[in-house]
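**Student:** Chains F and G, in that order, give the protein sequences. Numbered according to the UniProt record's numbering, the first sequence spans residues 1 to 126. Numbered according to the UniProt record's numbering, the second sequence spans residues 1 to 141.
Take these hints with a grain of salt, some might be off.
[Claimed, not checked] So the derived label-pair ranges between C-beta atoms look like this:
no.: 1; chain 1: G; residue 1: 10; chain 2: F; residue 2: 97; range: 49 to 55 Å
no.: 2; chain 1: G; residue 1: 80; chain 2: F; residue 2: 61; range: 32 to 38 Å
no.: 3; chain 1: G; residue 1: 94; chain 2: F; residue 2: 52; range: 30 to 36 Å
no.: 4; chain 1: G; residue 1: 37; chain 2: F; residue 2: 61; range: 50 to 56 Å
no.: 5; chain 1: G; residue 1: 3; chain 2: F; residue 2: 22; range: 52 to 58 Å
no.: 6; chain 1: G; residue 1: 74; chain 2: F; residue 2: 93; range: 52 to 58 Å
no.: 7; chain 1: G; residue 1: 74; chain 2: F; residue 2: 22; range: 47 to 53 Å
no.: 8; chain 1: F; residue 1: 56; chain 2: G; residue 2: 122; range: 36 to 42 Å
no.: 9; chain 1: G; residue 1: 71; chain 2: F; residue 2: 88; range: 45 to 51 Å
[Said to hold, decoys possible] Straight line, CA to CA, 35 Å or less: simulated DSBU-like cross-link-like pairs of lysine-lysine:
no.: 10; chain 1: F; residue 1: 125; chain 2: G; residue 2: 72
no.: 11; chain 1: F; residue 1: 63; chain 2: F; residue 2: 125
no.: 12; chain 1: F; residue 1: 10; chain 2: F; residue 2: 43
no.: 13; chain 1: G; residue 1: 66; chain 2: F; residue 2: 125
no.: 14; chain 1: F; residue 1: 43; chain 2: F; residue 2: 67
no.: 15; chain 1: F; residue 1: 10; chain 2: F; residue 2: 61
no.: 16; chain 1: F; residue 1: 67; chain 2: F; residue 2: 125
no.: 17; chain 1: F; residue 1: 43; chain 2: G; residue 2: 13
no.: 18; chain 1: F; residue 1: 63; chain 2: F; residue 2: 43
Simulated from the structure, these hints should not be mistaken for lab results. We put the CB at the ideal spot given by N, CA and C, even for glycine.
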Amino acid sequence: MSQLIESLEKHTDLYVEAFNAGDFDALDAFYTEEAVAVWEPGKPLTGEARREYQRAFLASKPKITAKQRQRFVTGDTALLIVDWVIDTVDEQGEPERLEGIGVDVLRLGEDGIWRYAVDDPYGQKD
Amino acid sequence: MAYNFSVDFDPAKPDLTDDTEIQNEVFLQAFNTGDGAVFDSLYREDSISNFSGEPLTGADRLTFFKEFLSAKPSLHAAVTHSYVAGDVALVGVEYSIDTTGPDGEPVHLEGVCTDVLRRGDDGRWLMAIDRPVASSGLVAD
Chain F
1 MSQLIESLEK
11 HTDLYVEAFN
21 AGDFDALDAF
31 YTEEAVAVWE
41 PGKPLTGEAR
51 REYQRAFLAS
61 KPKITAKQRQ
71 RFVTGDTALL
81 IVDWVIDTVD
91 EQGEPERLEG
101 IGVDVLRLGE
111 DGIWRYAVDD
121 PYGQKD
Chain G
1 MAYNFSVDFD
11 PAKPDLTDDT
21 EIQNEVFLQA
31 FNTGDGAVFD
41 SLYREDSISN
51 FSGEPLTGAD
61 RLTFFKEFLS
71 AKPSLHAAVT
81 HSYVAGDVAL
91 VGVEYSIDTT
101 GPDGEPVHLE
111 GVCTDVLRRG
121 DDGRWLMAID
131 RPVASSGLVA
141 D
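Same shape as in the complex, but just chain F (with noise of 0.2 Å):
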């Protein structure tokens, strides 16, 4: 499924609608081909690693919520920073809460979508 991305103001609210349902094609839409993440700090994951690790992350049904903090726009590149805390389990199966401050680089498609380029979401310290 291809979820379109028109608005960069509605970019946080879609890709926390795609990641609650567990859908990993619709998040994976919200990325460039050559997108970088860094779920892991100091682990820059791309290409099939990346999804391979987000397919991973999703199946144990974790839930976001996500607010943009600071909003940098130019025309074709933006820079968000984003307040997120995620409600997943570990792998006891015991409830585990992550969060943190979210840098995220997004590009603008020439189809007029934007999608991360870079999602480096432990970016800043506090």
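Fit chain G to the supplied structure of chain F, relying on the hints for placement.
**Tutor:** What follows is chain G alone, placed relative to chain F:
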């Protein structure tokens, strides 16, 4: 005016390159020329700089850089991480700036900065967005 850069730098075709360390050197040396127009040439017309504490683009950004650099501040920076995704890159740096206040007093600023770089259609890398977060002295909060 010509400046001596220890790295390749063509003022007519500024390029931060795709190399993280060269990016940092070009950025530092352009800043440390004290010439706001040279430093501003590392940015695209619509690029956003938050050095002033406000997001500035175009002519407002150039005006600020000229004023800010006229006190000949000295910038030091070290890259903490860099992620390249095709034609866009996210670079994190730790920076410190030593400059002079309005009454000639020394001012020290430091913090971390998030930089977004873009590769244009001509292959040159330029700043798209900078976002300093100061831990000491206010550049931007």
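**Student:** If a hint holds in the structure, say so; if it does not, say that too.
**Tutor:** Okay, the hints, checked on the actual structure:
1. Distance hint check for residue 10(G) and residue 97(F): the Cβ-Cβ separation is about 51 Å, which falls inside the suggested range of 49 to 55 Å.
2. In this structure the supplied range 32 to 38 Å holds for residue 80(G) paired with residue 61(F), their Cβ-Cβ distance being about 34 Å.
3. At about 32 Å, the CB distance of residue 94(G) to residue 52(F) agrees with the hint of 30 to 36 Å.
4. Checked against the given bound of 50 to 56 Å, the beta carbons of residue 37(G) and residue 61(F), roughly 54 Å apart, stay inside it.
5. For the pair residue 3(G) and residue 22(F), the beta carbons lie near 55 Å from each other, so the given range of 52 to 58 Å is met.
6. As the Cβ distance of residue 74(G) to residue 93(F) is approximately 55 Å, the hint placing it in 52 to 58 Å holds.
7. The beta-carbon spacing between residue 74(G) and residue 22(F), approximately 52 Å, falls within the hinted interval of 47 to 53 Å.
8. Range check, residue 56(F) to residue 122(G): Cβ separation about 40 Å, and the 36 to 42 Å hint holds.
9. Checked against the given bound of 45 to 51 Å, the beta carbons of residue 71(G) and residue 88(F), roughly 50 Å apart, stay inside it.
10. Between residue 125(F) and residue 72(G) the alpha-carbon distance is near 30 Å, which keeps this suggested pair within the 35 Å criterion.
11. Under the criterion of a C-alpha separation no larger than 35 Å, the hint pairing residue 63(F) with residue 125(F) is consistent with the structure, at around 22 Å.
12. Among the hinted pairs, residue 10(F) with residue 43(F) is consistent with the structure: their alpha-carbon atoms are about 28 Å apart, no more than 35 Å.
13. A hinted pair counts as satisfied when its Cα atoms are at most 35 Å apart, and residue 66(G) with residue 125(F) qualifies at roughly 31 Å.
14. Our distance criterion of 35 Å between C-alpha atoms is met by residue 43(F) and residue 67(F), whose separation comes to about 24 Å.
15. Between residue 10(F) and residue 61(F), the direct Cα distance comes to roughly 22 Å. Compliance with the 35 Å bound is thereby established for this hinted pair.
16. Taking the CA atoms of residue 67(F) and residue 125(F), the gap is near 16 Å; set against the 35 Å cutoff, the hint holds.
17. Of the pairs offered as hints, the one joining residue 43(F) and residue 13(G) holds, with about 34 Å between alpha carbons and a cut-off of 35 Å not exceeded.
18. Between the alpha carbons of residue 63(F) and residue 43(F) the distance comes to roughly 23 Å, so the proposed pair stays at or under 35 Å and holds.
Going through the hint list in order, the structure satisfies each hint without exception.
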